[in-house]
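Visitor: Residue numbers (the working numbering), protein chains in the order written: chain A, 3 to 253; chain B, 14 to 242.
Treat the hints loosely; a few may be bogus.
From chain A, some residues computed to sit far from chain B (all C-beta separations above 12 Å) [as the list claims (entries may be wrong)]:
no.: 1; residue: T17
no.: 2; residue: G21
no.: 3; residue: V27
no.: 4; residue: L49
no.: 5; residue: G58
no.: 6; residue: V103
no.: 7; residue: V146
no.: 8; residue: V164
no.: 9; residue: E213
no.: 10; residue: A219
Chain B regions said to be covered by chain A (calculated; three or more residues, Cβ under 8 Å) [claimed, not checked]:
no.: 11; stretch: 48-60
no.: 12; stretch: 182-193
no.: 13; stretch: 210-223
Which residues of chain A face chain B? A few of them, derived with a C-beta cut under 7 Å, are [stated by the list, open to error]:
no.: 14; residue: G68
no.: 15; residue: A70
no.: 16; residue: F74
no.: 17; residue: A75
no.: 18; residue: A78
no.: 19; residue: A131
no.: 20; residue: A168
no.: 21; residue: T171
no.: 22; residue: G182
no.: 23; residue: I185
no.: 24; residue: G198
no.: 25; residue: V205
Please keep in mind that the hints were generated in silico from the structure rather than gathered at the bench.
Each residue gets a CB set at the ideal place from its N, CA and C atoms; glycine is no exception.
Here's the letter readout for the chains.
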Amino acid sequence: MNGVLDYLFDAASWTDEGGLLEQLVQQLLLTVTALVVAMAVSLPLALYLGRIGRFGFLAINVSNIGRAVPTFALLALLARFSWPGSAEFGPYGRAGLATLVALVLFALPPLITQSYVAMREVAPEAKEAARGMGMTGSQQFWRVELPLGLPLVMSGVRLALVQVWATATIAALVGGPGLGNVIRLGFANTDRRSEGIAGALLVAAIALLLEGAMALAQRAADPVPQTRSRARKQGLSPVPPTVGAAAESDG
Amino acid sequence: MSTREPKCYSKDVNAWFCLDYVRDRSDEITEATTTHVQITVAAVLLGLLIAFPLALLARRYPRLESTVLGVSTGLYTVPSLALLPLLVPLTGLTKTTVVIGLGLYCLTILVRAFLDGLRSVPDEVRESATGLGYGRAKLLLKIELPLALPVIMAGLRVATVSTVALTTIGTVVSEGGLGFLIAEGKSTQFNAELMTGAVLCVVLALVLDLLLVLAQRLLTPWARQGVRA
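Excised from the complex, chain A in its bound form (with noise of 0.2 Å):
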């Protein structure tokens, strides 16, 4: 254990030629760019779709069928075709763009399934008493449906956060760029053990650190005080029970 504490606090580990942090920022940009690019394609579509209640059973069963096909696989094909191929990908580094690929693929089932039961899950009445208002539909949409959602969309930002942050980890098990590779290095070299399990907390740290801070976020993007508690007797989680609820209702 002190050779990973040591290893952890050397300044030299960081700085040094893919070192620590070289690795890090390497996997945040991947993460951040992969989760930011999957929101813009599958939010609109989600949602739309949601509102008005067609193709449920798609957007039910693309988690499902997201959940079968091992990561690792899907990561090693992506690297291995000429395109999106190992090239060297601007700043995500090695095999960056077959890992991008991938990360949005991975990150698109949750969020779909998400963001579409959270439309079809706000309540009707609600929906009515704005129309009753005069809303015109997009305002319906931006100022009643949106926020009523907003959490459990936002737990879909969640559960995709935390599972692109671990599949970016797997990426360096196929030449590709993240602190995975401080992991497969450290255990291929017996020597270097301590070294491997130093980057495995990190990425455990960091995994735990924004699976924090989202769920803070989802908190804060509650617009209705009351269904914290309701939520809370629950047990907040990133495998939210009204998935399988809305499935049976969808039939």
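Based on the hints, put chain B in the right spot on chain A.
Guide: Chain B only, in chain A's frame:
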């Protein structure tokens, strides 16, 4: 001398889909698949064994519930590539390490499934059973668990499918089942090996899911009759 057709997995062809590869290397593929199934099944069973008492505990003492759910959910946040190496100092580069790690991941889904399942049993049923003289243990085993089965099985399916996919990460501690084919195929640029490993993973997930659906049908004959009637 007749010129022999190069096999589709030879370096020159390096096809993605190649039946010759599957035939010629069937030993290796079978072994990887067997390991994969062993790890997955053991991990899910371990998850069930831990999740059940945890769920009972959380149900009995509502104060513990948020702690139990918080911890089991928090575990899921830790990336698999980080969790498995962190277990190595305890259990070494063995299958046990992968099984423990993946078993812990199952808890997120299974603890909640047990809790939700037990909660889905109507109070009237519970009361009638108590009225008929069922003790606590008998009530749980004969009444509550069977009625909770559909919800528990739904959770078990999710846990199993995720575990099949996650097992591939076991390569980081040298035990990944089909993940080994994927890793080796990638590092040696062997397309057929990589693709075979990936496809088998997805197929395995689907097969295990199907088996669980069948098991559920067999275990809950009353639900099936209900649908038909």
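Visitor: Would you list, in rising numerical order, the hints stated earlier that this structure does not obey?
Guide: 8, 9, 11, 14 and 19
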